[in-house]
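Number of protein chains: 2
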Amino acid sequence: MAIPTMYWENGTLYLLDQTLLPGRSEYVACRGYRDVIRAIRTMKVRGAPAIGVAAAYGLALAAREAAQVPDPWDRLRAAAEELKNARPTAVNLAWAVDRLMEKAAVRGAQGVDVAALLLEEARTLQAEDEAANRRLGAYGRDLLPHGARVITHCNAGALATAGYGTALGVIRAAREAGNPLRVYATETRPLLQGARLTCWELMQEDIPVTLITDSTAGFLMARGMADLVLVGADRIAANGDVANKIGTYALAVLAREHGLPFYVAAPVSTVDLATPSGAEIPIEERAPEEVTHVAGTRTAPEGVGVWNPAFDVTPARLVTAIVTDRGVVRPPYGETLPRVAGPREAPP
Amino acid sequence: MAIPTMYWENGTLYLLDQTLLPGRSEYVACRGYRDVIRAIRTMKVRGAPAIGVAAAYGLALAAREAAQVPDPWDRLRAAAEELKNARPTAVNLAWAVDRLMEKAAVRGAQGVDVAALLLEEARTLQAEDEAANRRLGAYGRDLLPHGARVITHCNAGALATAGYGTALGVIRAAREAGNPLRVYATETRPLLQGARLTCWELMQEDIPVTLITDSTAGFLMARGMADLVLVGADRIAANGDVANKIGTYALAVLAREHGLPFYVAAPVSTVDLATPSGAEIPIEERAPEEVTHVAGTRTAPEGVGVWNPAFDVTPARLVTAIVTDRGVVRPPYGETLPRVAGPREAPP
Chain A
0 MAIPTMYWEN
10 GTLYLLDQTL
20 LPGRSEYVAC
30 RGYRDVIRAI
40 RTMKVRGAPA
50 IGVAAAYGLA
60 LAAREAAQVP
70 DPWDRLRAAA
80 EELKNARPTA
90 VNLAWAVDRL
100 MEKAAVRGAQ
110 GVDVAALLLE
120 EARTLQAEDE
130 AANRRLGAYG
140 RDLLPHGARV
150 ITHCNAGALA
160 TAGYGTALGV
170 IRAAREAGNP
180 LRVYATETRP
190 LLQGARLTCW
200 ELMQEDIPVT
210 LITDSTAGFL
220 MARGMADLVL
230 VGADRIAANG
240 DVANKIGTYA
250 LAVLAREHGL
260 PFYVAAPVST
270 VDLATPSGAE
280 IPIEERAPEE
290 VTHVAGTRTA
300 PEGVGVWNPA
310 FDVTPARLVT
320 AIVTDRGVVR
330 PPYGETLPRV
340 AGPREAPP
Chain B
0 MAIPTMYWEN
10 GTLYLLDQTL
20 LPGRSEYVAC
30 RGYRDVIRAI
40 RTMKVRGAPA
50 IGVAAAYGLA
60 LAAREAAQVP
70 DPWDRLRAAA
80 EELKNARPTA
90 VNLAWAVDRL
100 MEKAAVRGAQ
110 GVDVAALLLE
120 EARTLQAEDE
130 AANRRLGAYG
140 RDLLPHGARV
150 ITHCNAGALA
160 TAGYGTALGV
170 IRAAREAGNP
180 LRVYATETRP
190 LLQGARLTCW
200 ELMQEDIPVT
210 LITDSTAGFL
220 MARGMADLVL
230 VGADRIAANG
240 DVANKIGTYA
250 LAVLAREHGL
260 PFYVAAPVST
270 VDLATPSGAE
280 IPIEERAPEE
290 VTHVAGTRTA
300 PEGVGVWNPA
310 FDVTPARLVT
320 AIVTDRGVVR
330 PPYGETLPRV
340 AGPREAPP
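Chains A and B supply the protein sequences, listed in that same order.
Following numbering that gives the first Met the number 0, the numbering of the first sequence begins with 0 at its first residue and continues without gaps.
Following numbering that gives the first Met the number 0, the numbering of the second sequence begins with 0 at its first residue and continues without gaps.
With the rest of the complex left out, here is chain A:
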């Protein structure tokens, strides 16, 4: 990607405003942690790994603010909670904040400058996420047959991560290895991340992509025009149930109906062994206006009721394999996931 999802400069976090893509490439300047929370809530930055990294920088900003008040730790812990609650479904957010707060507690007690430490940790997390995606891509690329026609949903690309992407990371890796695959990108209502972001990312790298509406995917499979489905994830429960963008579950059911593999690509930071199954994953419900308006224009009658869950849960039984940065994991996930996502070590 020529254009980074986010960067840090002169004490400020700059987030690429993904609500404006592909029309405009503009950055939002976040000078305090509440700017970061606002950007996460309004989805200027989105994608489970990307909001994890953004929240880490947010914590660094919060530490700088906390240093000005009498009880900096209270202030920092409150900011950490606020950051973790910015969006409920993606677990990478809480994972990143908790990881940084643990380090801050240990090193802070040793007298280290916490704000500087947290900034350094955020930078490390960002670099690790991209590195994890590249490993994940290398593990996953062999799952794609030569010339595969891949359906993907939403955007699990460089824009959803610190770089390279998860589902799109596997696609990039396969392409780099010479696989002449092609992609069908679902537009992904309501916020059109597939149309706006996935098409844009793939076209920048000359990976052939065809845009379809979400409800065209089933007919595409029925016509024999697709070989597999490959998506990202916002949280993977200990039993292998996968929370991901609304519409993922329907794709998984349709893939099973047509005998197509259904793959999920996510770093182990997306696996939440503390959540036993999908039933315990909180599913964010967002504002009706995302559905009643498109590109600022009202398209549904005033006052209509709306149900707008941002995510759904795909049961583990429909997931052929999960591609992680520590290898490809297959059922039974209750046994295989803890092996890769258990007590964390530093990446090799």
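If you are wondering where the hints come from, they were derived from the structure by calculation, not from laboratory data.
Misleading hints may appear alongside valid ones.
As the list claims (entries may be wrong) - Per label pair, the in silico range of CB-to-CB distance:
1. B:Pro144 to A:Arg40: 37 to 43 angstroms
2. A:Leu19 to B:Thr41: 29 to 35 angstroms
3. A:Glu175 to B:Gln203: 52 to 58 angstroms
4. A:Ala278 to B:Trp7: 55 to 61 angstroms
5. A:Ala278 to B:Arg122: 56 to 62 angstroms
6. B:Met224 to A:Arg40: 24 to 30 angstroms
To be verified - Rough simulated footprint, nothing fancy, chain B against chain A, three-plus residues with beta-carbon under 8 angstroms:
7. 198-206
8. 209-222
Ideal placement from N, C-alpha and C gives every residue a C-beta, glycine not left out.
Assemble chain B onto chain A, guided by the hints.
Chain B in isolation, oriented as in the chain A frame:
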């Protein structure tokens, strides 16, 4: 419906411009048959039964024009072909034009004024369509359990017909019989007929409706929030395969996965016994701009490839029952459909 889908006045067909709803209620004046073709192609009038009736009026306009030229029958037959080709999938269009041309041939040979005859026949067809929908509603309403939560797709309402509607006709009839049902309307990308038209129709009659994106329907079922799916049809093949708005097939697969009934409501004019199965139904593919733009705003990158089939085919094995104006038809459709849709008689 306070607002008719179309009406004839002073030699002109007025079509409610459905592309402007719900924001504006304006009529397009069609003074020649090519105005009608243009309105059908641009979906100012849409819905299989409604375009059948509009084409019938179009033929009346064509006959008036043909009366001015040396060889009126050649001109009229050419116009009939043009009208039939305005859109390929819905069979009601060809059915209406063929029915009127047969009558014109017989009565024209007897010296009757063909233009006046065709206008009278168009009016008859319009009245018959609404009457058929009311009968269909009465047959279908008992399929809906008390307080049913019904998923419908696209708009199979008064706006898609000469009045009352097919799928929404069943819903109206159940409501009139005191059933406190509620509806989940899929928005129906790309042209949002569910959001724009179905919600509007139902809200006008105080029928509770909740709008969802197309890809939310599967999760809605998984959560146990829906009892059945009920849709219209653009063409039903002799074996019971159903062509309907893109996305219908995915809903049928999901309904089966969740053990929910999947009902299709359509007048017998939508049954095409001359088409053996869904494989022979021509599926219209429409312009990429319908997907790359929403409400006039570009949302996908310039130059992206698009596959935009307007319809899909749901195999008969997924269809629990077909509600027609001659009764509820159940499998095996190859035997039961010819009984209701065979050689046509005048309706009772």
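Verification of the supplied hints:
1. B:Pro144 to A:Arg40: 37 to 43 angstroms: holds (40 angstroms)
2. A:Leu19 to B:Thr41: 29 to 35 angstroms: holds (30 angstroms)
3. A:Glu175 to B:Gln203: 52 to 58 angstroms: holds (56 angstroms)
4. A:Ala278 to B:Trp7: 55 to 61 angstroms: About 57 angstroms separates the Cβ atoms of alanine 278 (chain A) and tryptophan 7 (chain B), which means 55 to 61 angstroms holds.
5. A:Ala278 to B:Arg122: 56 to 62 angstroms: For alanine 278 (chain A) and arginine 122 (chain B) the Cβ distance comes to about 57 angstroms; the hint holds.
6. B:Met224 to A:Arg40: 24 to 30 angstroms: This hint holds: roughly 26 angstroms between Cβ atoms.
7. 198-206: holds (count 3)
8. 209-222: Answer holds; 12 residues pass the 8 angstroms Cβ test.
Consistency note: the structure conflicts with none of the earlier hints.
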